[in-house]
Amino acid sequence: MTDPTAPMALRATRLGRRFRSGWALRDCEFELPAGRVTALVGPNGAGKSTLLHLATDLLRPTTGELRIFGAAPGTAEARDRTAFLAQDKPLYPRFTVADTLRFGREFNRTWDQATAERIVRAGGIDLPTQVGTLSQGQCTRIALALALGKRPELLLLDEPLADLDPLVRHEVMGLLMAEAAERGITVVMSSHVLSELENVCDYVLLLKHGGVRLVGDTQELRETHALITGRADDGADDGLPPEVDRATVVETALTGRQVTALVREPDLVDRRWLTETPSLEDLLLGYLRSDARPAPRPAHGGPAEEAA
Amino acid sequence: MQTIAFRIDRHSGVAAYQQLVHQVRQALRLGTLEPGDRLPTTKEVVADLAINPHTVLKAYRELEREGLVEPRPGRGTFITRSLARPEAAAGAPLRTELTGWVSRAHATGLDRDDIAAMTEAALDESYGPRPLPPVPVSLAGARSTPHSHPHRHSHPHPHPASSEADT
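Line by line, the protein sequences give chains A and B. The first sequence begins at 1 in the working numbering and counts up one residue at a time. The second sequence begins at 1 in the working numbering and counts up one residue at a time.
Simulated from the structure, these hints should not be mistaken for laboratory data.
Derived pair list, reagent style EDC-like, types lysine to aspartate or glutamate, alpha-carbon separation capped at 16 Å: (1) B:K43 <-> A:E182; (2) B:K43 <-> A:E171; (3) A:K89 <-> A:E159.
Can you build the whole structure from these sequences, using the hints too?
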């Protein structure tokens with residue numbers, strides 16, 4: 001499904017960022033295609049927020065470069081096309097909602113007041129309301145109205161659903177998907193809630209220890225992996241039979257006599273094993289827990305190969 | 001007013017787009033969707049379900065491929081064909097007999113799975129065994145809902161294997 005000629009919303013080349021405490025991102029190579037909804041996943045400290053801050057020019061890279069539709073973050077071209085919703089959703093509590101939208105209008109060269117107001121009103125929020133009196137879910141809606149009112153082509157969201165109750169999470173995600181459907185915008189969102197990404201994201205970038213651990217189309221990744229379950233082989237510590245190439249094993253779990261493993265290139269696995277296609281959550285959990293190497297890129301080539 | 005309210009079972013292990021396709025077919029069989037009806041727009045569906053827009057597009061493409069719907073540019077996606085059968089409609093003799101049979105089976109203490117197994121076996125006798133659809137099953141889904149498997153009840157006739165992996 002990844003079309004090699006499709007324009008890339010984000011492209012990182014040997015991207016690295018070092019802080020006093022060490023490297024937050026190191027030698028990252030990846031491409032995120034336009035028009036997709038990408039999940040940015042990784043444990044705390046993996047470099048997710050650093051990446052989003054590099055993309056919005058709040059940080060500068062130490063090594064390599066990041067490009068947004070081919071332009072450097074911070075250039076007018078990249079700025080106009082990008083909107084960012086930070087984790088803490090900074091809003092002025094003393095402003096009214098109307099003031100907040102006016103702020104958006106004045107600080108952005110492209111501004112769609114109708115869209116912003118529609119998003120606000122759809123949440124049952126009146127424009128004269130003071131922001132400080134709104135609930136957390138309502139604040140998220142205002143922040144999204146600000147971000148989408150800018151008419152971005154790329155929307156970056158850092159943990160947009162954190163601190164929201166389940167109903168509001170569903171509503172906010174629905175709102176995001178509706179905007180993605182209407183305008184075909186590219187969405188990149190970091191999240192810890194893997195189960196909520198399953199039907200939302202069609203592309204994934206998994207970071208761990210500041211490096212790219214997994215990147216690609218979710219359907220393709222699911223199809224090139226398998227969860228295998230069978231009776232443990234007594235001859236091996238990991239319980240897997242000798243013919244399984246250990247280099248393709250992402251994760252193994254031994255429970256009593258049963259062994260379950262997440263493997264790449266599942267066609268090589270023996271028929272005696274129960275083989276299932278992993279859900280996106282299974283796949284992400286497997287890679288988050290293990291220190292397996294990144295999956296090899298599909299045949300049409302990609303940055304992981306060039307980096308090797 | 002929307003013509004159909006979709007829902008997604010996130011733990012069924014059946015791909016979301018297939019669930020949408022299945023629900024449209026089901027509504028066509030039951031007659032709750034009729035030729036000429038407009039399906040909700042992609043935007044309406046995703047706002048409601050909070051799912052990826054491509055899932056809806058894929059489902060609608062699949063329905064179009066099956067000749068059940070037709071996209072009319074700028075106006076939406078419309079139902080072109082019905083799957084309703086008068087013999088299966090509520091009130092039809094066969095349906096009434098079946099409803100009576102099911103309530104008798106229920107009264108004897110059989111549960112839903114027992115009855116489903118019996119009807120499946122009876123269907124196999126008349127129509128031959130159904131080839132198992134190559135539906136990807138997630139472990140999480142298999143654990144939490146062992147018998148939810150919408151596919152088992154979806155087609156009265158074996159359906160030509162719908163292409164699973166549109167990659």
